[in-house]
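> One-letter residues, chain by chain:
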Amino acid sequence: MATFEPVLTRNWNVPDARSLKVYESRGGYQAARKALTTMDPDAVVGLVKESELRGRGGAGFPCGLKWTFLPKDRTETLMCVNGDESEPATFNNRYLLERDPHMFLEGILISCFATRASTAYVYLRFEYINAYKIMERAIEEARAAGHIGKNIYGSGFDLDVWLHRGAGAYICGEETGLIESLEGKRGWPRIKPPFPAIEGAFRKPTVVNNIETLCCVPHIVERGASWFKSIGTPKSYGPKLYTVSGHVEKQVCVELPLGVSARELIDVHGGGVWKGRKAKAAVPGGISMGILSADELDTPLDFDGPGKVGCLGLGTAAVTVIDDHTPIIDYLHNTARFFSHESCGQCTPCREGTNWLDRTIGRIKRGGGRIEDLDVMHDLAKNMGIMPGTTICGLADGAAWPIKNAVTKFRGELEDYIRSNQVPGAGPTPLQVDVAAGRKVDLVAIGNAIPAPPPPAGALHSPGRPTA
Amino acid sequence: MATIIINGEEYPIPDGEKLNAIQMAKRVGVEIPYYCWHPSLSVVANCRMCEVEVGSKDPKTGEVKMVPKLVPGCQTPAKDGTVLVTDSERVREHQRMIMELLLLNHPLDCPVCDQAGECGLQDYSYEHGQANHRFVEERIANPRKDVSDLIQLNSDRCIMCTRCVRFTREITGTSELQVTRRGSHAEIDVFPGVTLDDNPLAGNVVDLCPVGALLDKDFLHKQRVWFLSGHDSVCTVCSTGCNISVEENKGRIWRVKPRNNPHVNDHWICDEGRYGYKADSAPDDAIPGMFVLGKDGEHAPTAIDAALRKVDRGLKDAVVDGKLVAGVLSPFLTVEEAYLMARYLKEVTAAAVLAIGPVPTVGEDRTFSPDKSEGRAGDTSFLVPRPFTIHAEKAPNARGVRAVLEHVQGSVVEYDELLGSVEAGEVGALYVAGGYTGDWIDEATAARIREKVGFVVVQDSRVSALAHKADVVLAAGTHAEKAGCYVNADGRLQYAAASLPPRDGSLPGLDIFAVLLDRPGPAVSGAVLAELAVAAPAFAAAKGGVVPDLGVDLGGEPRGGPEPPRFLDAWFVPMGAAKSR
Amino acid sequence: MAAEAPAQQPPRKIAILTEPMKEAIRALFPRYPSKRAVTLPALHMVHEHYRCVPLQAMAEIAEILEIAPADVHDTMSFYGFFPQAPLGDVRVWVCRSISCMLRGGDELLGHACRRLGVERGETTPDGKLTVEFAECLGICDHAPAALADDGRVYGPLDEAGVDAMLDELKRGRKDEAPHV
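Chains as they are written, first to last, in our numbering: chain R, 1 to 468; chain D, 469 to 1049; chain C, 1050 to 1229.
Pulled out of the complex, with its shape left as it was, chain R reads as follows (with noise of 0.2 Å):
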């Protein structure tokens, strides 16, 4: 492979590579400004299509496509960035808001102009105060400057950039629940049809865009297309932001071509597992993508490999590492515990389902679990979610592959764990299990007993008794 030069991380240790000024001796809008003046929306569409950018945010949706479904005969389009980086272990856009805030306002404004939205609304959760505080810095600088506001450059491209913050809802980073919290209600997510391209914010064309996906254009404006191409492995191009984290020595964030493998990641950036552990598993791309085992950690992490292990996919290429000295069931009872609080309670499915995992998880961890638990939690979270076709968005998906994965390629260990815990008193009541399985109660038995009447004398001589 020949040597990969980092292009998002390029400022980040360049001091005050904040300011505007720092950005723009960089080279920074220069692929704006090529953007603007010399080319056609449609060529940049057109350009960034033909790289075959695919959205960093976790579906891995191709972004020129994306871009060409919104209607030809438009006229307004509104850009939402998807600032609602919320999943667990997740943290590279935070660099990237923090790090080089012009960099990221470069690519909206590229690709606002190749929408042709001349409103773009930036989702930052809450939890960002300080990229919040800085974006607002960079703003007003590239307001100032002209990079943003009327006629930018003389193109007679007009572009607003406005930023608006979350209060704390995981669901707000699907887009549909992103531009209905944009809109000031509750981020239940939107079914599909209609899409956002077609009636999204406000009911007008929307484009919906990760942070690390729009940091990616002004790059491809700037060095092309084959460029991009030439990064990474099939059908997954370009560099990509990983983050290791959990128990690994250092928890980094690192610019890398797509399709490292997650063993890399822990032994070359993470300096391996902490305390001169072994790795038993790592998440390869936040919570909702499942988890790889010790054995699979050398899956490429690209927007393809860990669905060829069993796990959702590349999500947001957060890598979490677990040790073995951490008992599985630990990372199941968080993970169903995050779900169980950040479903939104729309879908039935979701709503109830989540719960009912976080339930029998914490059960089992107290020491009240049975070996059927892990098949009817199984069960359920195989039809949880889009890919079953039972819920509007992905969060049951999210929900259900750690459990699927967990149980399918640790179920020795959670047996073990159910059968070496078992703690009086935490499993469920005899009632609650007669009840659950449609058994006629034995009110005697569970102490709630009405005195049965005594049996009815029989009538002496009614048809079909036997007579003594």
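Any given hint might turn out to be false.
Derived pair list, reagent style EDC-like, types lysine to aspartate or glutamate, alpha-carbon separation capped at 20 Å [to be verified]:
{"hint": "1", "chain 1": "R", "residue 1": "365", "chain 2": "R", "residue 2": "330"}
{"hint": "2", "chain 1": "R", "residue 1": "275", "chain 2": "C", "residue 2": "1208"}
{"hint": "3", "chain 1": "R", "residue 1": "204", "chain 2": "D", "residue 2": "839"}
{"hint": "4", "chain 1": "R", "residue 1": "440", "chain 2": "D", "residue 2": "577"}
{"hint": "5", "chain 1": "R", "residue 1": "365", "chain 2": "C", "residue 2": "1216"}
{"hint": "6", "chain 1": "R", "residue 1": "250", "chain 2": "C", "residue 2": "1207"}
{"hint": "7", "chain 1": "D", "residue 1": "791", "chain 2": "D", "residue 2": "666"}
{"hint": "8", "chain 1": "C", "residue 1": "1223", "chain 2": "R", "residue 2": "330"}
{"hint": "9", "chain 1": "D", "residue 1": "494", "chain 2": "D", "residue 2": "591"}
{"hint": "10", "chain 1": "R", "residue 1": "365", "chain 2": "D", "residue 2": "605"}
{"hint": "11", "chain 1": "R", "residue 1": "133", "chain 2": "C", "residue 2": "1224"}
Simulated from the structure, these hints should not be mistaken for laboratory data.
Take the given structure of chain R and dock chains D and C to it, following the hints.
Only chains D and C this time, still in chain R's reference frame:
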């Protein structure tokens, strides 16, 4: 022609209607279960009960391609070549799962729940559910609370379909209801201090609720729904003419539910109409029988035929005396009653003056215009928003009575005009047919009439100031006790069946006039209407005395083909023994 | 919509939103195609000012945005951020999501609560600190981490680190510069 394939059978798609899979399947007799979907509310697809297998058939090759996953029927348009599979094992498995999930935190308190018997959870559990479930954890028990003085919300029974919330947002535009919190902790609630009390359509949220979460406190624990018999009727509280079902048991009305009519009230009724039955159910001031004023100034109970003979003689005496005979036809009479009454009085004397009774009005018309853009964004293509108006005119048939008078007399005499003639001493005999639900005449006017008119007949269901002074008092049926047609504010003729038998001592108005007219046989509304349709061009649309189920527009185009059936949520469809009621 | 506006407001008390705050809310209208979109920014504004969002403030926001109070409450209650009762001077979130949990986040939250003598989600009696759990704060490079609502980031924490953090936070807010 556009066709759709449902469970392997090919069916034509009706022209000019945008239907989703649920509606289309229902048309051909295939039931797709659902909770959150409602034809007048935006599609949210959150209950996930209506999921089916969906595919499409290539028009050229005939090859069927199925979508690999399940798709909610509510958001699937019935298009040419659409393939639906609603009865596969996969679909049934899914339905079992949804039922299991919905019942996880449900209290299963059917024995004390009013919804039992018309509950979506019960019906679908039986049809699509399973006897046991695998949940052995602690249940979440949400609280019970009141969302208005008349509506109780049992959050523990709620399945979060959000129909009620969407109703207040999309139909009334008042947004009193909301969802609070999220996930399994989400609940329906009102903003503290802002209840549904001021929403005149609030009661509809109870009808919309597929389970026993929202309940009407007026009906709470009064009756089991399977003991009730519903009678197709028309609301008489205002001139909208909402289609209602009057639900009665053992001679008493217990509640009123709306019936869907896209031309009139869509799926709704106002609370005034919903609780308006109380005036008709068992009024304390109902006239208990026929009375004739004796020489002693006391009203003596009299046999029906004797009382009617007295009426006939009294009116004819006035003619002999050379005095005017006048009639007052209240806007609460049915078209048939008005027609027979007018004919009778004109038969007594062609010079009889027929006036329409006072038409009560309260306030101003209030129209709710549903706004699709107020709803959840999403596929709203199936929605046909229909405005709902509560009219200020608080009488059901002013238009019908006027049309009858126009036909019989050539013109309508207004009540005030008639009072003028009374005041001038021109009127020798006055026949007043009431039927009002409230007080319609004050003591002073009644006294003036008594003073000026020699012979006064009052035919009414409730005692009024004039009845106390009348020569003959005839006990006629209340709205609930009579059958007949009303013409609503938009000129739509609709038939209302009787909900209760005539109370002891009374006769429905139509029978009273039939006796006076010496009509042979029982007076049947349809026969009278058929005569009117032949005689009066204004009623030509009611040809043969047959009123279509959804009514007929008297001024409109001749009716086209059969209309789609009325929408009724599956759990309200009577089952078992209740079917025959 | 009905002809008359839904004039249903709870009984009026002393107004919570000051005129400058209302102005600031209205100033955001041009940013969005609908007034309702200002709901979250307005809630944030009220929260920054009062460190809570009381019911009456929601009713007043609803009035400005020309929506029903239930619409604002619906939105507000969906998110985990807005408390109805006032918070301490500093609000600190201790992360409990995967990376932090693996490195002891749950235990550190328990430790912080024990040390302050409060349950999670509660404010210390002196009104200085509110400790809450959070699902991933996006600062996993500091895991196990905590975030104060003035932007200060703490981590990787251990018990001693939590103690030091709490002591520092008790000294008050540091709102000015971004803490990166």
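> Each hint needs a verdict: does it hold in this structure or not?
Do the hints match the structure? See the list:
no. : hint           : in the structure
1   : R:365 x R:330  : holds (8 Å)
2   : R:275 x C:1208 : holds (18 Å)
3   : R:204 x D:839  : holds (17 Å)
4   : R:440 x D:577  : holds (17 Å)
5   : R:365 x C:1216 : violated (34 Å)
6   : R:250 x C:1207 : holds (16 Å)
7   : D:791 x D:666  : violated (52 Å)
8   : C:1223 x R:330 : violated (36 Å)
9   : D:494 x D:591  : holds (16 Å)
10  : R:365 x D:605  : holds (14 Å)
11  : R:133 x C:1224 : holds (10 Å)
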